[in-house]
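Undergrad: What follows is each chain in one-letter form.
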Amino acid sequence: MIRLLIILIFMATSVAAVEPDEILSDPVLEARARDISANLRCVVCQNEPIDTSNAGVARDLRLLVRERLVAGDTNDQVYDYVVARYGDYVLFKPPWKSTTYALWLAPFVIALLGGFFVALVFRRSNAVSGGDETLSADEEDIFADVTKRHTDGDMQ
Amino acid sequence: MKRFLIFLPLCVAIAIGLAGWWGLNPDRDPGSVPSALIGQPVPVFDLPAIEGIGVSGLSTQDFTDASGPILVNVFASWCVPCRAEHAVLTRMVREDGLVLVGINYKDKPDAAAAWLTELGNPYDRIGSDETGRAGIEWGISGVPETFVIDTNGIVVFRYVGPITSDAALANIRKALAQAGADKP
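Chains as they are written, first to last, in this note's numbering: chain A, 1 to 156; chain B, 1 to 184.
Hints in this document: simulated from the structure, not taken from any laboratory.
Nothing here was measured: the structure is a model prediction, and the numbers come from that model.
Some clues are possibly wrong.
Selected chain B positions facing chain A (Cβ under 8 Å, derived; list incomplete) [claimed, not checked]:
1. V33
2. S35
3. G39
4. G132
5. I136
6. E137
7. G139
8. S141
Yeah, the Cβ is synthetic: ideal placement off N, Cα and C, and Gly gets one too.
Here chain B stands alone, though its shape is the one from the complex:
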């Protein structure tokens, strides 16, 4: 018993060291919130289109009979980071040929339409969520947020904040590739 006791301080030191190594890791974001939706089917929602932009609205139905993975982007014309992210999304759609749909969160339809006219529209479908209720169904905490949905309509990945860093882009590409590979 006594002989083992001399290792106790060493064990305590190692435990503190491990806790510090985990806690002070610069890649760990203590503010990040895990999504309850990962592994779950797309929530039930049905959003109308934004008038006058020639793109249809968005509902759960659009995910259940999809032919490939879908990228869902929650955006708003009043959201400044969304403007930076818009260019990245547009380039992704052009280069990777993916399906991108949008949820226009708590935005006035004419403001959103003007924003899309100014910057261009990379979205295949856009649902207008004026009340923010669909946003709650998706469990979002702010804009922008981006989800990857696989072919079975299951949410497989979520990213909070603008996809402007290379790391964020790489993570989303990886999730999209995996979602596409799961195709039955």
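So that you can see chain A by itself, here it is in the shape it has in the complex:
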């Protein structure tokens, strides 16, 4: 009984939204279809890939992806087909083009600026603390004086 329950639980997590009648008989094509669907955004639920979405349009798009694959399309051709209708928006990984340069480059630019700033701060703090590490004779005298006064104070 418990074993059956465990098996059922594992089955439930691996099925996602792909319904049995959608699955292609060719396992290679089906695997490619799953790959593509995982990278296509559902236009209704927006932050879910069509692979796990239960929306009607998502199901239609899953079927469409499979239909294109069976017709002999490459993965890129399938993406292009969907992008032509729904725009770059449906891709979870946006393409590298003039409108997305800022998107792709921003992390590196920010990291570079951050690194530059950190380097600046470190250099400045080094400059302040750097120099002769030992005390001069005058400083030794002052130090001895202060410690002496301090210990005397404690004794009172």
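Take the given structure of chain A and dock chain B to it, following the hints.
TA: Using the frame of chain A, we list chain B on its own:
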């Protein structure tokens, strides 16, 4: 170098302020999806008519030899907001004298026919898209959706959701006027 550095916090504050001003603008809808079809010709599709309502079907051909701008409305009898929008569309057709065509999305023909009999039919043509495939060609994400097509068969405007607010209606009227003005 140091003198310019004192302006850095001010610049950062202005940048954050601008980002907030843009991001918190109540007119901005972060969920809205831009249509890939704007500026593109009407997609290739060919839909049959709904039996028994006396209105012909809809295909790409109907847009290529149009004499004026066309309003395309995607609707379904099971779609509740479409019911509210129907009255607005009917009034627009009556008052503005525009050409309105419909795509009946994922609907049973007899259900659609009954819906149109009950509410009246403002559409010049209706294509029955039972499978939803034409809907994908149009890049729709749900119903209702409305498109404005200019005289050259180019998609110039798209509205997602029911046209029930004055702002939505004004936007569509503006797009229609522009599409009509582009006439060669």
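Undergrad: Does the structure break any of the earlier hints, and which numbers would those be?
TA: 3
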